[in-house]
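All chains, please: the whole structure from these sequences, using the hints.
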Amino acid sequence: MVEDKKIRVLVAKPGLDGHDRGAKVVVRALRDAGMEVIYTGIRQTPQTIADAALQEDVDVIGLSSLSGAHMSLFSRVMEELNRRGLGDVVVIAGGIIPDEDHEELKSIGVRAVFGPGSSTQDVAKYIKTAVGAQG
Amino acid sequence: MSESKDRSEWTKKTLDPSVKRFPQRQEKFTTSSEIEVEAVYTPEDLEGLDYHERVGYPGEFPYTRGPQPSMYRGRLWTMRQYAGYAGAEESNLRYRYLLEQGQTGLSVAFDLPTQIGYDSDNPLSEGEAGRVGVAIDSIEDMETLFRDIPLNRVSTSMTINATAPILLAMYVVAAKRQGVPLASISGTIQNDVLKEYIARGTYIFPPKPAMKLVTDTFAYCTQYLPKWNFINVSGYHIREAGSDAVQELAFTMANAVAYVRAGLEAGIDIDKLGPQFGFFFVSHNNLFEEVAKFRAARRMWAHVMRDRFNAKDPKSWVLRFHTQTAGSTLTAQQPENNVVRVAIQALAAVLGGTQSLHTCARDEALALPTEQSVQIALRTQQLLAYESGAADTVDPLAGSYYVEWLTNELEARAWKEFDKIEKIGGSLAAIETGYMQREITESAYRYQRRVEEGEQTVVGVNRFTVDEKRSIQILRVDDEVTARQTAKLADLRKRRDAAAVSTSLAGLKQTATSGDNVMPSIVDCVEASATLEEICNVLREVYGEQLQSFI
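Residue numbers (my numbering), protein chains in the order written: chain V, 1 to 135; chain W, 136 to 686.
One or more hints might be untrue.
[Stated by the list, open to error] Now the in silico label distances, taken between C-beta atoms and shown as ranges: (1) V:Q121 with W:Q683: 28 to 36 angstroms; (2) V:I38 with W:E188: 47 to 55 angstroms; (3) V:R84 with W:T592: 41 to 49 angstroms; (4) V:D88 with W:E567: 36 to 44 angstroms; (5) V:K6 with W:T149: 50 to 58 angstroms; (6) V:D88 with W:R231: 50 to 58 angstroms; (7) W:Q608 with V:G34: 40 to 48 angstroms; (8) V:E56 with W:R231: 49 to 57 angstroms; (9) V:I38 with W:Y186: 52 to 60 angstroms; (10) V:I38 with W:E567: 20 to 28 angstroms.
In case anyone wonders, no lab produced these hints; they're calculated from the structure.
From the three backbone atoms N, C-alpha and C, an ideal C-beta is built for every residue, glycine too.
Here's what the structure looks like:
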């Protein structure tokens, strides 16, 4: 049963990219939508992100990247999550990610990609549905 | 004679009855900085404005109308497209292409490892090498980057901050090896570390030693590179991170003042510092607000330098700036629309009197731009320069009741915010307490809410949308860059004189520890073919690292 338990989200920026306007706005919006949100700050390694996800016992991880390094970074995050038995955490992504990469990201377990112009309300809605279906 | 004798009479007699019959589109109109805009502006809004004191003439204090007397009638702004990707080889080709297309200055984009002081073969660089800019690991890459581009014939802007002293040293050595006298090279390094902590994120060292590196480059440039702008104080990233125009002005001015103070403390004369300062602003969507912002910035800086710092040389009073159109306004939806956004923003920059301009390419919300979309972006500038007539007279919007009023309003609001930062203890303190970062995030979130609630229209995103299957061609950077750079590094390490490398690095450690200017020692390291990361690691060892952001 998950009633009353707030959805816990980790918003993370893997790699060297410092563009975090989007990540911070999503953090604010998800908090306003009633979720418990932890933001890692910029320049995190896949290991530290997976460690944080484990420690914080999150339901959802939002990865943000605008530097073009998403394919290699996100797949390493997924590996680290699997290694820690966190394969069922809902992972979503945002940033500058070309359409052609969406399918490959989905194949490694990234459930949804929210590109530029996405509404934060859609992100919140997606998370609620995905976590609800799981719980 | 007009019927009404003043605005209040006109409002009552003419405007209100008309609005009653035909309601306005919105109850209230505001600029992007949430400054409320009236239906019309009249001389009443400029009452008491002393033209000579506040506006004046181009090339004269307070430079509201422009830094030079004839502005674009003499020389057009420098058309400078920010570019760089993959390895030095590919970027060199892109630069030569841009120069052939009529671009007049270069602007180097470095990849993130280069900006944060890692070589391409460091595990932390995985996936990042050559992505958002060119990968430069050693002097050899720098020489390749400018192959067949005589460095006394172009001006080069390098977007580099935490590692600026190292990249500047590489540029210096590359120029020497081309046989070009240092006094003849012109260009700029961004070198604005403060805004990295606030908005852009490529910091390495804690703020205090980072400021020491900045003033070391100041001293070095005033001595050896008289035509080099040793800093580009950047409002651009502050705005792109979500601030409004007022905050962009205020935070940039506060940071600039912090650099001047640091330069003075390092013993550099104010009139040696002033003329080599450069600025970097965004040009955003609101045409008139942006023009007013550029004009207000010039007036603010002139007063800062003359009145607060007692600079005597008029060259120290003049704010010169580079402009880039606003990347964050580009949409992934209907990307062709971005061409129009960029044109409007570029027009604002020209009407605002920019010294150089980068126009964003239509596909930048999707990936790095292709050659064709960069060409359209450059053509946009050429159209403005040669077809629009906007460059034919100086500061054409001066005297517009609205623009002069808005210039005053932005300036007044920016001073108020500036004073707040001074009260906190200046930029450094405001950064360390997270003040600026919080303010920016608040603004970014408010803007996002306005878009999602439909208060702010974004064409193609929340209105006038279509179902689209995007077919725009994007640039892909080959994953092979890391392997190529790694091989080059291995080869370099085999070939170079290992003893010379360690001697030069030891020399740098000594200078850094003693507190002397590190620039000459960094030049020695570069000449000995030490890599970027090796040089940076010496500085990390001495100065420590800023691992966490302040909020």
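We went through each hint and held it up to the structure:
One distance hint, 28 to 36 angstroms for the beta-carbon pair V:Q121 and W:Q683, holds here, with the actual separation near 31 angstroms. For the pair V:I38 and W:E188, the beta carbons lie near 53 angstroms from each other, so the given range of 47 to 55 angstroms is met. In this structure the supplied range 41 to 49 angstroms holds for V:R84 paired with W:T592, their Cβ-Cβ distance being about 44 angstroms. Against the hinted window of 36 to 44 angstroms, the Cβ-Cβ separation of V:D88 and W:E567 comes to about 40 angstroms, which satisfies the hint.
Take V:K6 and W:T149: their Cβ atoms lie about 56 angstroms apart, and the range 50 to 58 angstroms holds. For V:D88 and W:R231, the hinted distance range of 50 to 58 angstroms is satisfied, since their beta carbons lie about 52 angstroms from each other. Between W:Q608 and V:G34 the beta carbons are some 42 angstroms apart, a value that agrees with the proposed interval 40 to 48 angstroms. Evaluation of the 49 to 57 angstroms hint for V:E56 and W:R231 yields a pass: the beta carbon distance comes to about 50 angstroms.
Taking 52 to 60 angstroms as the suggested C-beta distance range, the pair V:I38 and W:Y186 conforms, at roughly 55 angstroms. Roughly 23 angstroms separates the CB atoms of V:I38 and W:E567, a value that falls within the hinted 20 to 28 angstroms.
Violation of the numbered hints given earlier is absent; every hint is satisfied by the structure.
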